[in-house]
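Taking the hints into account, I'd like the entire structure generated from these sequences.
Sequence lines, in order, name chains G and Z.
Quick note on our numbering: the first sequence kicks off at 1 and runs consecutively.
Quick note on our numbering: the second sequence kicks off at 1 and runs consecutively.
The reader is advised that the hints may include incorrect statements.
[What the hints assert, rightly or not] When the alpha-carbon atoms are kept at most 30 Å apart in a straight line, the in silico BS3-like pairs for lysine-lysine are as follows:
| id | chain 1 | residue 1 | chain 2 | residue 2 |
| --- | --- | --- | --- | --- |
| 1 | Z | K259 | Z | K94 |
| 2 | G | K144 | Z | K15 |
| 3 | Z | K135 | Z | K222 |
| 4 | Z | K15 | G | K124 |
| 5 | Z | K212 | Z | K94 |
These are computed hints drawn from the structure, not numbers from a lab.
Here the structure is a predicted model, which means the values were calculated and not measured.
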Amino acid sequence: MTTTAQRIAVSCRGVTKTFGEGENAVHALRGVDLEVLLGQMTMLVGPSGCGKTTLISVIAGILNRSAGECTVLGEDTSSLPDRQRAAWRGRNVGFVFQALNLVPTLTAAENVAIPLLILGVDYKSALQRAAVMLERVGLGGRIKSLPAQLSGGQQQRIAIARALVHEPRLLVCDEPTSALDHETGHKVMQLLREVASREDRALIVVTHDSRIFSFADRIAHMDDGHVERIETPSRA
Amino acid sequence: MIRIALRMLVGDRLKYLGLVAGLAFATLLITQQGSIFAGFTRRSGSWIRDTAQADLWIMDPQVEFTEDRKAMLDSALLKVRGVEGIEWAVPLYKSYVQARLQDGTRVVVRMIGLDDATLTGGPPIMEEGSLELLKQDRAILVDARDVDDGLRLRRGMDDEGPRELRVGDRIDLNEHETVVVGTFRRTREFFWDPVVYTTYTRALRMAPPERKSLGYVLARVKSGHDPREVARRVEETTRLRADTSEDYENRSMDFILAKTGILPNFGITIALGFVIGVLISGQLLYNFILENQRAFAAMKAMGASNMLLLRMVFAQVLFAAFIGFGIGVGVTAVVGLLLHDSKLAFHMAWQVPVFGGIAILVCCLIAAAISIRRVMRLEPAVVFKG
Chain G
1 MTTTAQRIAV
11 SCRGVTKTFG
21 EGENAVHALR
31 GVDLEVLLGQ
41 MTMLVGPSGC
51 GKTTLISVIA
61 GILNRSAGEC
71 TVLGEDTSSL
81 PDRQRAAWRG
91 RNVGFVFQAL
101 NLVPTLTAAE
111 NVAIPLLILG
121 VDYKSALQRA
131 AVMLERVGLG
141 GRIKSLPAQL
151 SGGQQQRIAI
161 ARALVHEPRL
171 LVCDEPTSAL
181 DHETGHKVMQ
191 LLREVASRED
201 RALIVVTHDS
211 RIFSFADRIA
221 HMDDGHVERI
231 ETPSRA
Chain Z
1 MIRIALRMLV
11 GDRLKYLGLV
21 AGLAFATLLI
31 TQQGSIFAGF
41 TRRSGSWIRD
51 TAQADLWIMD
61 PQVEFTEDRK
71 AMLDSALLKV
81 RGVEGIEWAV
91 PLYKSYVQAR
101 LQDGTRVVVR
111 MIGLDDATLT
121 GGPPIMEEGS
131 LELLKQDRAI
141 LVDARDVDDG
151 LRLRRGMDDE
161 GPRELRVGDR
171 IDLNEHETVV
181 VGTFRRTREF
191 FWDPVVYTTY
201 TRALRMAPPE
211 RKSLGYVLAR
221 VKSGHDPREV
231 ARRVEETTRL
241 RADTSEDYEN
251 RSMDFILAKT
261 GILPNFGITI
271 ALGFVIGVLI
281 SGQLLYNFIL
291 ENQRAFAAMK
301 AMGASNMLLL
311 RMVFAQVLFA
321 AFIGFGIGVG
331 VTAVVGLLLH
341 DSKLAFHMAW
351 QVPVFGGIAI
361 LVCCLIAAAI
371 SIRRVMRLEP
381 AVVFKG
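Okay, here's the thing in structure tokens:
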């Protein structure tokens with residue numbers, strides 16, 4: 001039987017992050033306490049500027065915290081040198097960015113293959129695995145399409161496939177439905193639940209979109225650099 | 001990731017073509033001007049190379065280049081013949097003289113007088129007639145290129161209009177009548193005045209009277225002797241200058257380069273090509289990086305190290321440099337080939353593409369260095385900004 005302690009993917013205690021110094025200092029995080037469990041989708045919600053993006057940047061090992069403790073998949077990434085931290089991210093974290101950040105001149109398969117290529121997988125194998133992943137997100141017939149030839153929803157699927165192709169244990173999604181209409185956004189969240197949810201993987205979704213709250217296992221409400229409360233929505 | 005980097009570069013057609021075109025243009029400027037410069041410098045030694053029978057050129061110590069006439073006493077020939085290691089030595093006359101064509105056209109020509117017995121030092125290729133015809137009375141040979149150019153009968157005869165000079169026509173050299181008995185082909189020279197060949201004694205008869213008249217002594221070194229060592233002995237014995245053909249060619253070239261200023265003139269154009277290359281490639285590459293900075297930042301977030309991104313940018317730059325250089329140097333070579341027989345002094349020595357390649361590589365590395373700073377400083381957190 002798995003205990004809660006064994007299922008903790010992210011554990012943050014009193015995490016602060018301050019940008020700048022002196023009078024110009026901006027306190028983006030003011031002592032965040034948060035636990036994210038494996039096998040769950042945790043949503044970070046709250047008004048603009050409340051620190052959601054800063055928190056996922058700290059969790060994903062992109063930003064160093066100013067103070068506090070944060071362990072992600074058993075590793076305190078702030079203690080790692082830059083190069084090792086980048087390698088850790090490459091192995092363990094998948095990203096779905098709000099702006100997608102697909103490379104417009106690369107095909108869908110090449111975009112999806114990027115995390116594998118960064119890990120050193122050879123080009124041919126990476127493209128084969130990317131094609132399998134695209135098949136799983138329903139874009140098996142569009143592996144050679146350029147992003148501009150696809151709809152917004154299809155581009156979002158490519159971004160999800162890219163985030164998952166290297167089998168990360170932590171998936172970080174920043175506003176994955178903000179640029180999509182209600183129906184497409186709903187489909188994307190369904191896809192995330194179907195394709196990304198796994199017992200050994202944690203999902204963190206940053207969103208403003210209350211229409212997708214029902215997909216979450218836990219919702220962390222943030223305001224002014226704190227996690228105000230955590231709720232567990234009742235799912236139909 | 002290198003393949004991805006190249007796909008990113010080539011996929012942005014407009015920028016890629018702009019970058020390649022810019023580098024090709026810079027290469028064209030650098031290698032074409034470099035080849036013309038090499039052509040001009042090479043032409044300064046054409047006459048020496050064409051006079052291939054001699055190992056040594058013996059002349060007055062103050063002679064600086066091929067057209068610099070500082071004559072010696074005729075006794076110099078005998079002194080040279082007496083030096084150990086000399087197999088044979090012959091006199092050579094060279095001087096500018098006034099020429100008057102049959103129709104009254106007046107030109108200045110370079111008259112070269114060859115040893116009467118051996119005709120050593122003659123033109124490399126005969127086109128019409130033979131070198132032996134110089135032994136006929138009043139005979140001269142003219143350059144086949146000059147007959148319709150520098151020696152063209154521009155004024156025209158009474159019964160016909162202007163025409164080219166022909167074998168059989170008469171030319172007065174310094175008021176002495178001569179007859180054209182043949183034409184020859186020689187390598188184009190840096191200097192442009194028409195060249196006529198005659199015998200040494202006839203040249204002396206036609207030239208203005210001077211106490212010293214011997215322009216050069218051409219000498220062959222006995223086999224087994226080092227030409228430079230023999231040259232040193234000639235200088236010691238005669239107090240004259242003795243150069244190997246190679247040394248005399250280099251000395252003439254250095255003098256012409258120093259006096260004409262063609263080195264800085266061509267250097268400026270070549271430098272402009274370099275600057276244009278840096279500006280165009282730097283600007284386009286910087287824009288390319290700027291437009292792709294979110295993609296690079298995303299890759300950083302996804303685990304790409306700075307070193308990997310550096311390798312990607314360098315791969316893009318080197319690929320563009322390789323293609324641009326290839327096109328540029330190819331166009332230069334084709335232009336050179338098409339204008340092979342024209343007056344254009346074009347000589348693509350191996351140093352030209354090597355120098356051009358290094359220049360373009362440096363161009364691109366400067367451009368890359370400017371752009372790479374931006375990639376290195378990218379914060380991966382920017383990818384979370386919408």
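Evaluation of the provided hints:
1. Taking the CA atoms of K259 (chain Z) and K94 (chain Z), the gap is about 21 Å. The hint holds against a cut of 30 Å.
2. Taken as a hint, the K144 (chain G) and K15 (chain Z) pair is honoured in the structure, with Cα atoms around 22 Å apart against an allowance of 30 Å.
3. Among the hinted pairs, K135 (chain Z) with K222 (chain Z) is consistent with the structure: their alpha-carbon atoms are about 28 Å apart, no more than 30 Å.
4. Between K15 (chain Z) and K124 (chain G), the direct Cα distance comes to roughly 27 Å. Compliance with the 30 Å bound is thereby established for this hinted pair.
5. Between the alpha carbons of K212 (chain Z) and K94 (chain Z) the distance comes to roughly 12 Å, so the proposed pair stays at or under 30 Å and holds.
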